[in-house]
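There are 2 protein chains.
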Amino acid sequence: ARPRVGYYYAGKTRDQLFAQRIRQMKVKDYKAVPVVMTEEASVYEAICNMFLEDVGTLYIVREGAILSGVCSRKDLLKSSMGKQDLNAVPVSVVMTRMPNIVTCFPEESLFDAASKIIQYQVDSLPVVKPAEKDSDQLEVVGRITKTTITKAFVELGEGRETV
Amino acid sequence: ARPRVGYYYAGKTRDQLFAQRIRQMKVKDYKAVPVVMTEEASVYEAICNMFLEDVGTLYIVREGAILSGVCSRKDLLKSSMGKQDLNAVPVSVVMTRMPNIVTCFPEESLFDAASKIIQYQVDSLPVVKPAEKDSDQLEVVGRITKTTITKAFVELGEGRETV
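As they're listed, the protein sequences go chains A and B.
Heads up: the first sequence begins at 582 in the working numbering, then just goes up one per residue.
Heads up: the second sequence begins at 582 in the working numbering, then just goes up one per residue.
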């Protein structure tokens, strides 16, 4: 008799295998280049930079690429609604400040990063590592956004051997 | 001898099976509720509505939920940078107008929708169907965003049996 062959292997369902496969994808292999500004930049400069670089989130850093804040399109939109002079307001006033920033590490799985994006309702996560000079500080080395995850989803749907 | 059992089935690699699985996911099973406004609304009202509903894109409609435009955070941010009175500018001036809008249908795969989001560099796709009164017009019935795709990615990584 012909053996019964199905989608199952080693007692796992097809979807458990998918899950395992997805969890092998690492942040370091998918992260995009971070777009950064300093705390002294104005809200106006931040908006211009967001359009120039075509990103949804800017990371605000101190010397040595140390993460000090995150500034989203929403933060900028809120501050541009008022009557204030956008050149006079520093971006550090409207940004979300450390330690209230959700981050991820290069060795983390893309699945963990995506889960944090959904759980904390943010558009992007800075990819960070402990700074060389002071390991209490975080150095920005990349970004993971909903675009990153959407691209990874498309790659999976194309059947590209990504890992 | 023990048979060689691996990740392969019917001549397909593991990743081709994943691809097949992902392409079974349909837009209609994942779409979110669309947030709509009329063409007469002002840019100021659009910004407020975007914050109230916490979305990144508004769909601009005519009577019968007929799609006439799409307004993104980027469109609003651009118009709020100038010195103009946001209450005096109608949203129809800053929106992207039909037929320059990328859409998707309920029966399409989520993979096709995600591919369009990446290819056309948009944040969201209105889910549409031909209008009952005039099939040349499109009625808005939902939205697919990068958040939708990120949630689907997380579900796959959790091994939830979604189909």
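I should point out that these hints are in silico values taken from the structure, not numbers from a laboratory.
Warning: the hint list may mix true and false statements.
If several chains are the same, the list does not tell them apart, and a pair holds so long as it fits within one copy or across any two.
[What the hints assert, rightly or not] Dumping the calculated DMTMM-like pairs for lysine to aspartate or glutamate here, alpha-carbon to alpha-carbon at most 25 Å:
1. Lys697 x Glu720
2. Lys714 x Asp693
3. Lys607 x Glu689
4. Lys659 x Asp693
5. Lys664 x Glu720
6. Lys655 x Glu620
7. Lys664 x Glu736
8. Lys710 x Glu688
9. Lys609 x Glu689
10. Lys609 x Glu634
11. Lys697 x Asp666
12. Lys710 x Glu720
13. Lys659 x Glu626
14. Lys655 x Asp693
15. Lys609 x Asp717
16. Lys732 x Asp666
17. Lys714 x Glu634
18. Lys732 x Asp596
It should be emphasised that the depicted structure is a prediction, and the values quoted were computed from it without experimental measurement.
Cross-check of the supplied hints:
In this assembly of identical chains, the alpha carbons of Lys697 and Glu720 lie at most 25 Å apart only when taken from the same copy (19 Å versus 34 Å across copies). Neither within a single protomer nor between protomers do Lys714 and Asp693 lie at most 25 Å apart by alpha-carbon distance, with minima of 28 Å and 46 Å respectively. Proximity of Lys607 and Glu689 under a CA criterion of 25 Å is satisfied intra-copy only: 6 Å inside one chain copy versus 29 Å between copies. Neither within a single protomer nor between protomers do Lys659 and Asp693 lie at most 25 Å apart by alpha-carbon distance, with minima of 29 Å and 33 Å respectively.
Neither within a single protomer nor between protomers do Lys664 and Glu720 lie at most 25 Å apart by alpha-carbon distance, with minima of 35 Å and 37 Å respectively. Proximity of Lys655 to Glu620 under the C-alpha cut-off of 25 Å is found in both arrangements, the shortest distances being 18 Å within a copy and 22 Å between copies. In this assembly of identical chains, Lys664 and Glu736 lie within 25 Å of each other by CA distance neither inside one copy nor across copies; the values are 45 Å within and 43 Å between. Only within a single protomer do Lys710 and Glu688 lie at most 25 Å apart by alpha-carbon distance; the minimum there is 10 Å, versus 43 Å between protomers.
Only within a single protomer do Lys609 and Glu689 lie at most 25 Å apart by alpha-carbon distance; the minimum there is 8 Å, versus 32 Å between protomers. In the homo-oligomer, the alpha carbons of Lys609 and Glu634 lie at most 25 Å apart inside one protomer (21 Å), although the nearest pairing across protomers, at 33 Å, exceeds that limit. Taking identical chains as interchangeable, the C-alpha atoms of Lys697 and Asp666 are never at most 25 Å apart, the minima being 35 Å within one chain and 38 Å between chains. In this assembly of identical chains, Lys710 and Glu720 lie within 25 Å of each other by CA distance solely inside one copy; the values are 5 Å within and 47 Å between copies.
Taking the shortest alpha-carbon separations for Lys659 and Glu626, both the intra-copy value of 15 Å and the inter-copy value of 13 Å come in at or below 25 Å. With identical chains, the CA atoms of Lys655 and Asp693 are at most 25 Å apart within one copy only, with a shortest distance of 24 Å there and 28 Å across copies. Taking the shortest alpha-carbon separations for Lys609 and Asp717, only the intra-copy value of 21 Å comes in at or below 25 Å, while the best inter-copy value is 46 Å. Taking the closest pair of Cα atoms, Lys732 and Asp666 never come within 25 Å of each other, the shortest separation being 38 Å inside a single copy and 38 Å across copies.
Taking CA atoms no more than 25 Å apart as the test, Lys714 paired with Glu634 passes in neither setting, with 29 Å inside one copy and 43 Å between copies. With identical chains, the CA atoms of Lys732 and Asp596 are at most 25 Å apart both within one copy (20 Å) and between copies (16 Å).
Violated hints, listed in ascending order, are 2, 4, 5, 7, 11, 16, 17; each of the other numbered hints is respected by the structure.
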